[in-house]
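Using the hints provided, position chain U relative to the given structure of chain R.
Protein chains: 2
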Amino acid sequence: MAFGATRIARQMLGRAIAYSEYGNPKQVLRCIQYPVQHCSPEELTVRFLASPINPSDINQIEGVYPSRPSMTTDLTPNTPSAVAGNEGVVEVIDVGSSLRDRWEPGQWAVMSTTNLGTWRTHLTTKPENLIRVDQYAFHNVQEAASLTVNPCTAFMLLHSAVKLQPGDWFMQTGANSVVGMNILQLARHFGYNSINIIRARPDAESLKERLRQLGATYVITDEELMQRSEMKKLVPKWTENNPPKLGIDCVSGRTATEMSKYLANSATISTYGGMSRQPLGIPVSLLIFKDLRFHGFWLTKWKDEQPSKFRDLVIQMQEYYRRDVLHSPDVDLVDVDANAEPADFLKPFTDSIGAHGKKVMLFHYDN
Amino acid sequence: MAFGATRIARQMLGRAIAYSEYGNPKQVLRCIQYPVQHCSPEELTVRFLASPINPSDINQIEGVYPSRPSMTTDLTPNTPSAVAGNEGVVEVIDVGSSLRDRWEPGQWAVMSTTNLGTWRTHLTTKPENLIRVDQYAFHNVQEAASLTVNPCTAFMLLHSAVKLQPGDWFMQTGANSVVGMNILQLARHFGYNSINIIRARPDAESLKERLRQLGATYVITDEELMQRSEMKKLVPKWTENNPPKLGIDCVSGRTATEMSKYLANSATISTYGGMSRQPLGIPVSLLIFKDLRFHGFWLTKWKDEQPSKFRDLVIQMQEYYRRDVLHSPDVDLVDVDANAEPADFLKPFTDSIGAHGKKVMLFHYDN
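Going down the list, the protein sequences come from chains R and U. Count along the first sequence starting at 1, add 18, and that's the number in my numbering. Count along the second sequence starting at 1, add 18, and that's the number in my numbering.
Possibly wrong hints are sitting among the right ones.
Think about it this way: if two alpha-carbon atoms lie no more than 16 Å apart in a straight line, the pair counts; the simulated EDC-like pairs of lysine to aspartate or glutamate are [claimed, not checked]: (1) U:K319 <-> R:D322; (2) R:K251 <-> R:E223; (3) R:K308 <-> U:D322; (4) U:K144 <-> U:E60; (5) U:K308 <-> R:D309; (6) U:K226 <-> U:E241; (7) R:K308 <-> U:E323; (8) U:K308 <-> R:D322; (9) R:K44 <-> R:D369; (10) R:K279 <-> R:D322; (11) R:K365 <-> R:D355; (12) R:K319 <-> U:D309.
These stretches of chain U come out as covered by chain R in the derived footprint (C-beta under 8 Å, 3 or more residues) [said to hold, decoys possible]: (13) 283–292; (14) 312–320.
In case anyone wonders, no lab produced these hints; they're calculated from the structure. For each residue, glycine too, the CB sits at the ideal point set by N, CA and C.
Only chain R is shown next, with the shape it has when bound in the complex (with noise of 0.2 Å):
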């Protein structure tokens, strides 16, 4: 205890990543400072150890995401503000009189919900928002970072809509994206067959084998699944006649469309993205002969309706990397100086916006 209340003694400033209003991020976030506060008898402070960068939190700051958090004076008096990010691992640096029986310092955790705003140093809040997590189960910092969002998704999408069997095949469009090599790592334990799209691209072959090493069975570019009359001859070879039973969809548009003609009468196609950024059009026909049944995945609201699932299934995936069924997704590690000036602290998190691969923030303290 007298670790973390040393700590804070000293009245530390935090530095948080914020905005005030929507917009282009790199216009609207802003480094606030503000003191770490010391917690009450019920509550945790707690120090960012990792926090992604997720598309979700970009779509927040622009305004266009249906979940966003509140705007509070909490940390600006002046104009309200709100702290950005979403995911994130942190280390207990001093714990409530209270609630020392359950909580030390040195504790890893991540976040039990969202908009709590993780792109920051220092946070003070109610254990209930916090999950509990082991160091030890993750390879890196960057595997519990990551926890939260995208293999809690990749294991819903292949485990929600239907009940798959081992042997049974589904089939997925942008294969490549961490969701989608989570869920080719999930798939491989649970014995699950998988037919992958990627987008067509001059290192098709070389992705096609890194798919195949994390667990595809086979994967083809979008130009190949266009090619029909080939497809409807490959499809069936490949499956034995036991056509996919589920799709899982992040690209929409055409490819969507195209991959649904393959899948089995009666399946489910679960969409969780639209990088194409084009709707999703469906024959009628798939609709009402092939009885095709489409709806989407949103893990934000699944978590805020079953919040108590929601904290097993993270524990679950935690188990997943310690028994190496999950591996880190192939990410790009940004550096952030937690004591750095405002405008230092701000530009790794600027420069990062935008730019290509999946970013996770690693922050460094000076003691």
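Frame of chain R, contents of chain U only:
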């Protein structure tokens, strides 16, 4: 019994509208004549009183409908053929000796399965292909003839995807289709409110009034639906912020997409047709953030899977006619002389195909 036996002893010739190849109905349909068979101890011989022409009957003849009758040499020894038509009401004219405790001449019945070929005068068949109906339950013969497709589809569309409560709202496109008008009559019975979309037309106001008389709460044209700023005010006002939980669609295309925007979170859209001949375009955000679910309903598949429930449903619809919940849809009755020469028997069918409005063929017998 003598009644039926006498008739068939005369070596009667039945007439049927049949086809041996798929194509334009006006070109491939022909009238065939066949001896009306004596029924075996386990069979019934029936004559058709009335048979509707449904759009799916046409699609079957064109070869573009997924469910089709087998082509056999039963009636046409030289060239395999199928008799067209799937719906109709019959009168029993002869009863096999082992069935005489349960059936008698004069009993009315409808088809329990599709693909029996109902555009014909006489059929000898097993009783399991028939569902007895009570001729006194109906206001007229066309109600009985149209019992097994449109009212059953209407009931299932209203009840299978979402459990509405009295006072709840739904929306439907193509509200003036026969199914749409059956839906309105049933909705009034169950106390459901509806917003109904029709195609813009010169006589829209009188059609709106007609649909309100059948049970519609509000009726708008597709052009009115597209006035988004107006509709975004009207729908919450009409529904008192109890947005529709169910969308029923037989139009697809832009109209269905637009309708989806006014539905409640987690609403279901049930598609049973695509009159616009456009695919259903679904914005991904409606799937993910609004959790809308899209599926199709096809009565033929449902009844094949649930034959016993289908029989119950048909009898329930009959009771709705008896209790004045349902009334005859707007149909044109077309007289067919059951004893006409083949060319004259064929003509009313080919004249009716492609003509505006739903047609029910009424068979007239000499005796």
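> Which hints from the list above does the structure break, by number from lowest to highest?
Replying inline: Violated hints: 1, 2, 5 and 10; rest satisfied.
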